[in-house]
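One line per chain: the protein sequences are A and B, in this order. If you read the first sequence in the working numbering, its first letter stands for residue 1, the second for the next number, and so on. If you read the second sequence in the working numbering, its first letter stands for residue 1, the second for the next number, and so on.
These are computed hints drawn from the structure, not numbers from a lab. Hints are not guaranteed to be accurate.
[What the hints assert, rightly or not] To be clear about the criterion: a stretch of chain A counts as covered by chain B if any three or more of its residues have a C-beta under 8 Å from a C-beta of chain B, and this derived list gives those stretches: (1) 84-90; (2) 107-113; (3) 274-286; (4) 305-316.
[As the list claims (entries may be wrong)] Label pairs and their computed distance ranges (CB to CB): (5) B:LYS88 - A:MET116: 49 to 55 Å; (6) B:ARG296 - A:GLN103: 24 to 30 Å; (7) B:GLN231 - A:ARG284: 35 to 41 Å; (8) A:LYS173 - B:LYS287: 50 to 56 Å; (9) A:GLU264 - B:ASP50: 53 to 59 Å; (10) B:ARG377 - A:ILE29: 44 to 50 Å; (11) A:ASP224 - B:SER238: 58 to 64 Å.
[What the hints assert, rightly or not] Sample of chain A residues at the chain B side, in silico, Cβ under 8 Å: (12) PRO78; (13) PHE81; (14) MET116.
No experiment lies behind these values; they were computed from the predicted model shown. Idealized CB from N, CA, C, for every residue including glycine.
Protein chains: 2
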Amino acid sequence: MKLTILKDHLNEAISHVAKAISSRTTIPILTGIKIDATSGGVTLTASDTDISIQSHIEIEKEGTTIIELRQTGSVVLPAKFFMEMIRKLPSQQIEIEVKDHFQTTIRSGSSEIQLMGLDPEEFPLLPLLEESRTIRIPSDILRTMIKQTSFAVSTNETTAILTGVLWTIDNGKLKFVSCDRHRLASREVNIDLDPSQRFSNIVISGRTLNELNKVLPDHNTLIDIVIADNQVLFKIQSILFYTRILDGTYPDTSKLIQETFQTELSVNTKQLTEAIDRAYLLSREDKTNIVKLIMREDQSIEVSSTSTELGKVTEQINLNSIRGDLLRISFNSKYMLEALKVMDSENIHIGFTGAMQPIIIKPEDGADILQLILPYRTTN
Amino acid sequence: MKLTILKDHLNEAISHVAKAISSRTTIPILTGIKIDATSGGVTLTASDTDISIQSHIEIEKEGTTIIELRQTGSVVLPAKFFMEMIRKLPSQQIEIEVKDHFQTTIRSGSSEIQLMGLDPEEFPLLPLLEESRTIRIPSDILRTMIKQTSFAVSTNETTAILTGVLWTIDNGKLKFVSCDRHRLASREVNIDLDPSQRFSNIVISGRTLNELNKVLPDHNTLIDIVIADNQVLFKIQSILFYTRILDGTYPDTSKLIQETFQTELSVNTKQLTEAIDRAYLLSREDKTNIVKLIMREDQSIEVSSTSTELGKVTEQINLNSIRGDLLRISFNSKYMLEALKVMDSENIHIGFTGAMQPIIIKPEDGADILQLILPYRTTN
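So that you can see chain A by itself, here it is in the shape it has in the complex (with noise of 0.2 Å):
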C-alpha cells in the first residue's frame, strides 16, 4: 500500500470509527483501525464487537483530489496513536507507505513515523447482511427518538435485554421502548413503509445508540436502517455503524400503562422542570433522590423534599387545570427530571391512577411520547 492522503479528510474518517474503539479490549487487533486502500478510495474500520464501523474516503470530492493512490493494500495500524499523530502533522499531505511485515511509514511535511502496522487478515470481517428488510428515516428524527428513551435503559447487566431500547415496527409506525422497572420511555412516529411490514423484538443497546447518536451528521439527512437477523446496519452518508441486536425477549410492557385515570393535571413544562431540579439538589444531598407532590384546592402542586442533614426545599406552582381527585405522592426526583428533560411540548399531561400506582407524562399536544414513572412507598 502507498498513497497519498489530505489530513483532513483522513482526520474527519478517523475519527468517525474512533467511537468503535474500545480502550478496554484484551484483544491486540481490536485496539487498531483497519486501513484498506482500493481503487475505489480508503476505507477506515474499527470494532469493539458490540459495534463496528467503516468511514469510506473517496478518491476525489467536488473536483478536489484527495487521494493519490500509487499502491493498493490493507494494514491496521495502533488506533490512538495513529489518531493522535494525524491530527498533530505539519502538513495537509499525508503519505502513507506499507513494507513487508506491515511495516509503516507516515510522512507529512518534516515528519516521519515508522509504525509497525498488525496483519489485516486478523481483523474481524464485517457481517454480509441481506438487506431485503431495509427501513428509512431521517437522522434528526432518529437523534430525537433515542433521546428521548435511551436515557431510561436499565444499567443492571444481570437482565441484560432492559439494558436495550425496543424497537417495533406496525401498521406503518416505528416505535422505541425502554424500561427498566422503575420507569418507561416510549416514542412512536409515522414512517413512510408499506404498512404490511412489521417488525418486532428488535432490541438495541441504549450505550450503542448513544454512540450512535454521536456518528450522525449536524444536517438533516435521510439514514438507511438495515435489519437483519441478529445485526443493525445504519447507513449514514460514507459511514457504516453495524450493531447487534440483544438476544432475548423484551417484557411486554404494554399492560403497565393505563389509559383512564383518577387524577389528571395540565403543567408549564419548564415551571415544573426548574421546580423539581431544586428539590431534587437537596434530595440527592440526602441521597434518597425522594420528592413528594402535594395537589391543593386551589389549582397548584407543592413539591417538596427534605434532606435531614440540610433542610428543606418547598416549591409552588400553578397549574393550567386539574381534574380528579387530589392526592400526595412521592417519587424519584431524578427520573422525573430525566423524564422532563426529553418533552419538547410547553406543555404536558400527567395522569395518575392513585399514589401507588404509575404516573404517566405526555405532551398535552399530541400522544407520540409517553413516559411513566413508579412512585415511592413513603410513610407520608
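Based on these hints, arrange chain B on the given structure of chain A.
Chain B in isolation, oriented as in the chain A frame:
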C-alpha cells in the same frame, strides 16, 4: 439577618469564594460559606486554611440597588448546596432571613428553602496584615508570570518548599522562580517601586497561584499585594485573596544557570514546539518521555523518539542559526514541551554546555524569562 439581594451579584461573589472551598476538609465549618450583612454591604468568606477568599457586594452600584438590608447579621451556610441552589433560583430577587439557632430561610419567586446554618463565630478569622509592605502590579503581568513558572513546581510534598514559587524583589524588579530538581522556570519584571525595597524568600504554593489566576479578572487591572511575615494578601477589586507563605528556605538555584555556552542555537518556537509534541506522543506511549536531539552540519536539528512496541518518530527542523560544537542530547519531552508552551516570543535561543549539562531556553528578543531543563543520561 434579613435582606433581599440580586441573584446575579450573589452568584458572582459565590463563584469567587468557591475556589477556597475544599471538598476534602474534615472541619465541618470549612464546608460552609460565611455571609456577613452589615450597613456597608454583604461579604462572603470561604477558607480551606491554606487559602481564604473574601468577596464583597455593595448595597448599591451604578445607581442600581443590589441589596435591601432589613437587619444585619451573620451565618455560615453549606457551600456546595448553597452555591448550586442560588444558581437555580427562579427570580432575580432573593430574600435571605436568619432566625434563632441560625435557621435560614431563602425565598425567591415560588421557591422557599429552609437551611440549617452554622454559627459564624466558629468560622476562622482572617489574618490582620500590616499593610506597610505593598507592591502593585497589573493583573495581566501577574497572570503571565504565574503561567510561565507555576507548571515547574515540584509535586513532591516531602520537600514542601519546592512546591512553591519563589518571589524576590531586588533593584526594582520582581522575580518568580520555580524548580523541581529536574527543571527550573524563572520570569522577571520591572515594577514601579522604590529600588531600595527588597523582599526575599517569599514562597507561595504553585497550586494556590493557579487558583489565584482563576480569580483574576479578564480585563487588565492593578492588583495590590500586601506581604506580611507569613501571609500574602492579593486585593483584586472587590475580592481579598489570602494565602500563607510556605515555611522553609528556598535553595539557591543561581549556580545552576550558566552564562556562557559551548553551543548556542536559534529556532522558530512554534516549529520546535510542534515537532517535540509529535515526538512526545510516541515517547509517552513508552512511558519514558525521552526525546533525542541531534545537531547537524547543515544548520538543522533532528528530534526523535523511539518506542520498542510502536515504532519511531523523526522530525527535521531548520535552525535560524547555530554556533559551537554539534551535540547529541536527550531530555524529558514533557518538560521541554511545557517550557516551550509558555515562551511567547517567535524565536527562541537555546544554550548548551555539553550533553550532561543544563539546557537553557530564553526568548531571542529579551532575557526576562528563562527555562532550564536537565538532560537525561542515555547510552546513545
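Would you list, in rising numerical order, the hints stated earlier that this structure does not obey? Hint 10 alone not satisfied by this model.
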